[in-house]
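Chains as they are written, first to last, in UniProt numbering: chain A, 1 to 344; chain B, 1 to 226.
Calculated directly from the structure, the hints in this document are not laboratory data. Backbone N, C-alpha and C define an ideal beta-carbon position, used for all residues, glycine too. One or more of the hints may lead you astray.
[Claimed, not checked] Quick list of in silico lysine-lysine cross-link-like pairs, DSSO-like style, CA-CA up to 30 Å:
1) A:K83 / B:K150
2) B:K60 / A:K22
3) B:K60 / A:K71
4) B:K150 / A:K75
[Said to hold, decoys possible] Simulated restraints on C-beta separations:
5) B:V216 / A:Q29: 57 to 63 Å
6) A:E23 / B:R222: 51 to 57 Å
7) A:A136 / B:R222: 17 to 23 Å
8) A:S258 / B:G54: 51 to 57 Å
[Said to hold, decoys possible] Chain B side only, calculated, beta carbon under 8 Å to chain A, not exhaustive:
9) D126
10) G128
11) L129
12) E131
13) A132
14) Q134
15) A135
16) M136
17) G137
18) S139
19) K150
20) E151
21) I153
22) H226
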Amino acid sequence: MIRLEHVSKTFDTVSGDVHAVKEVNLEIQDGEIFGIIGFSGAGKSTLVRCINLLERPSNGKVWIDDEELTKMSEKALREVRKKIGMIFQHFNLMRSRTVYQNIAFPLKGSGLSKEEMDKKITSLLELVDLGDKKDAYPSQLSGGQKQRVAIARALANDPKVLLCDEATSALDPQTTKSILKLLKQVNEKLGITIVLITHEMAVIKEICDRVAVMEKGKVIEEGNILEVFCKPQAKVTKDFIATTSNISRIYEMVDEGSALTELKPGQHLVKLNYDAVNTSKALISEISRDFHVDTNIIFGNVEIIKDSPLGDLVVIFGGQKEDIQNAIAYMEKHDVKVEVLKEC
Amino acid sequence: MLEVLNDLIPNIMNKLPEFWQAILDFFIMLGITGAVSFIFGTLFGVILTVTRRGDILENKVIYFILGKIIDLFRAIPFVILIFFLGPMTRIIAGTTIGLRGALFPLMVGTIPFFARQVESALAEIDRGLIEASQAMGSSPMEIIFRVYLKESIPGIIRATTITLISLIGLITMVGAVGGGGIGDFAIRYGYNSMQNDVTYVCVIILLLITTTIQGVGNILIRKTTH
Numbered sequence: 001m002i003r004l005e006h007v008s009k010t011f012d013t014v015s016g017d018v019h020a021v022k023e024v025n026l027e028i029q030d031g032e033i034f035g036i037i038g039f040s041g042a043g044k045s046t047l048v049r050c051i052n053l054l055e056r057p058s059n060g061k062v063w064i065d066d067e068e069l070t071k072m073s074e075k076a077l078r079e080v081r082k083k084i085g086m087i088f089q090h091f092n093l094m095r096s097r098t099v100y101q102n103i104a105f106p107l108k109g110s111g112l113s114k115e116e117m118d119k120k121i122t123s124l125l126e127l128v129d130l131g132d133k134k135d136a137y138p139s140q141l142s143g144g145q146k147q148r149v150a151i152a153r154a155l156a157n158d159p160k161v162l163l164c165d166e167a168t169s170a171l172d173p174q175t176t177k178s179i180l181k182l183l184k185q186v187n188e189k190l191g192i193t194i195v196l197i198t199h200e201m202a203v204i205k206e207i208c209d210r211v212a213v214m215e216k217g218k219v220i221e222e223g224n225i226l227e228v229f230c231k232p233q234a235k236v237t238k239d240f241i242a243t244t245s246n247i248s249r250i251y252e253m254v255d256e257g258s259a260l261t262e263l264k265p266g267q268h269l270v271k272l273n274y275d276a277v278n279t280s281k282a283l284i285s286e287i288s289r290d291f292h293v294d295t296n297i298i299f300g301n302v303e304i305i306k307d308s309p310l311g312d313l314v315v316i317f318g319g320q321k322e323d324i325q326n327a328i329a330y331m332e333k334h335d336v337k338v339e340v341l342k343e344c
Numbered sequence: 001m002l003e004v005l006n007d008l009i010p011n012i013m014n015k016l017p018e019f020w021q022a023i024l025d026f027f028i029m030l031g032i033t034g035a036v037s038f039i040f041g042t043l044f045g046v047i048l049t050v051t052r053r054g055d056i057l058e059n060k061v062i063y064f065i066l067g068k069i070i071d072l073f074r075a076i077p078f079v080i081l082i083f084f085l086g087p088m089t090r091i092i093a094g095t096t097i098g099l100r101g102a103l104f105p106l107m108v109g110t111i112p113f114f115a116r117q118v119e120s121a122l123a124e125i126d127r128g129l130i131e132a133s134q135a136m137g138s139s140p141m142e143i144i145f146r147v148y149l150k151e152s153i154p155g156i157i158r159a160t161t162i163t164l165i166s167l168i169g170l171i172t173m174v175g176a177v178g179g180g181g182i183g184d185f186a187i188r189y190g191y192n193s194m195q196n197d198v199t200y201v202c203v204i205i206l207l208l209i210t211t212t213i214q215g216v217g218n219i220l221i222r223k224t225t226h
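Just chain A, with the same shape it has in the complex (with noise of 0.2 Å):
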């Protein structure tokens, strides 16, 4: 388990003090991924290095399991780094050196036998779907195949904890995808607990079991994912929920006037959003039988997080304005937030 007691980090620059990170309390549990998610100048990078101490917070305890980090010695807290292993944006692969040599880079001092070492080498190789390009030199391989291999080399040391500070950032969707598949087999596979920081929502849809929203150096909401998606509390947070859905283009489809959004005498335009729990009821048909309302879907968006879906609905409602009345009543009786955009 890592723990985070009031966590403030200061840096005094030549402009003044920069707040970077103000008295954040966290608790990640061990096997779980928990995602950091906020907008470039939120912290999130100061804070995760405050984690493995590679930045020494101004104030307040840093602790993994029962050992407080933040009271350790730099040559103690060097071995209890071998145990945190850590990937970058940049992958920070070092140039001068093949594929092989960089996993062996921190097995330096291990006290593997020169056959020991190579066997696990070749594992983390073949873990991470490399094994062909174990004598590339890093100027030789993808973006994604580089952080294949900073991954091998943070796993070389047997890690309880890997810190990912913007893994996926300088890569495109497609790879993203591949190396959150291979951040979430490490997790299943090997137990490793993964703190991910992220500016993408969808990174944290994809994988995470737990988040944090920061903004200006605080963590503003927290939560399990699901929780978070269903029922964001703080606006960025509904801000970065947005991002991860188009559904907000009705909003400017409604102001543009589009066609699609022309409605005859009687008719209504509504948003459903929909969480895990209501999903599973046939709603829909529910109000177009027991309600005489038609019903006409105009574009939706759902999501599985966590497998549950939950998601948003864009519907045209047609019928007596007493029954529309009474369906939309009989919906958010069943917890579906109905959002009437347009009447006519």
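Dock chain B against chain A, hints included.
Just chain B now, with coordinates in the frame of chain A:
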């Protein structure tokens, strides 16, 4: 063959032993100064790098003092530096002339130059690499040897090539003030006694040495850059 040479470069041929000695002296100066400067220049270059602001062994005092000393010696023109160092050279080497008297000023002239070159080669190393090594639990010493020096080998070779070539210039200059070597030989006979063939031969030899050093440097840089 011998007759052709006697015809072409009579003033060299009539003092061949002295000529060979001058070339030998030149290479002794180049070798010893080069080796010592390589060691100390690298050391100072590394110290400057790791003690700068935000680096692994940040130390304002050492960075400032070492930087100022290096700048001081780089600011003094070499010909003046030779005289300026005279008393100290006498204490260290026992004499200020000849091969022995030349080595100390050569080193003082070369080390700061090389140190700055090494510093700029090391500055090319991405901060991210240092951070990654720290995250892997490397100690400052490991980072210096396994990251800073190892990863900047091509840069250090380039610095060495440039420094050796500029050292050739310095060695010919100490020749002018009685330091021995090819420069001394060229000035004494070629210039003062107006034996032009001596000047020409010396220039050709220096040209060959310079080209060879640059060529070898380029090959090594190519071989070590990935």
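Any of the earlier hints contradicted here, and which numbers? Failing hints: none at all.
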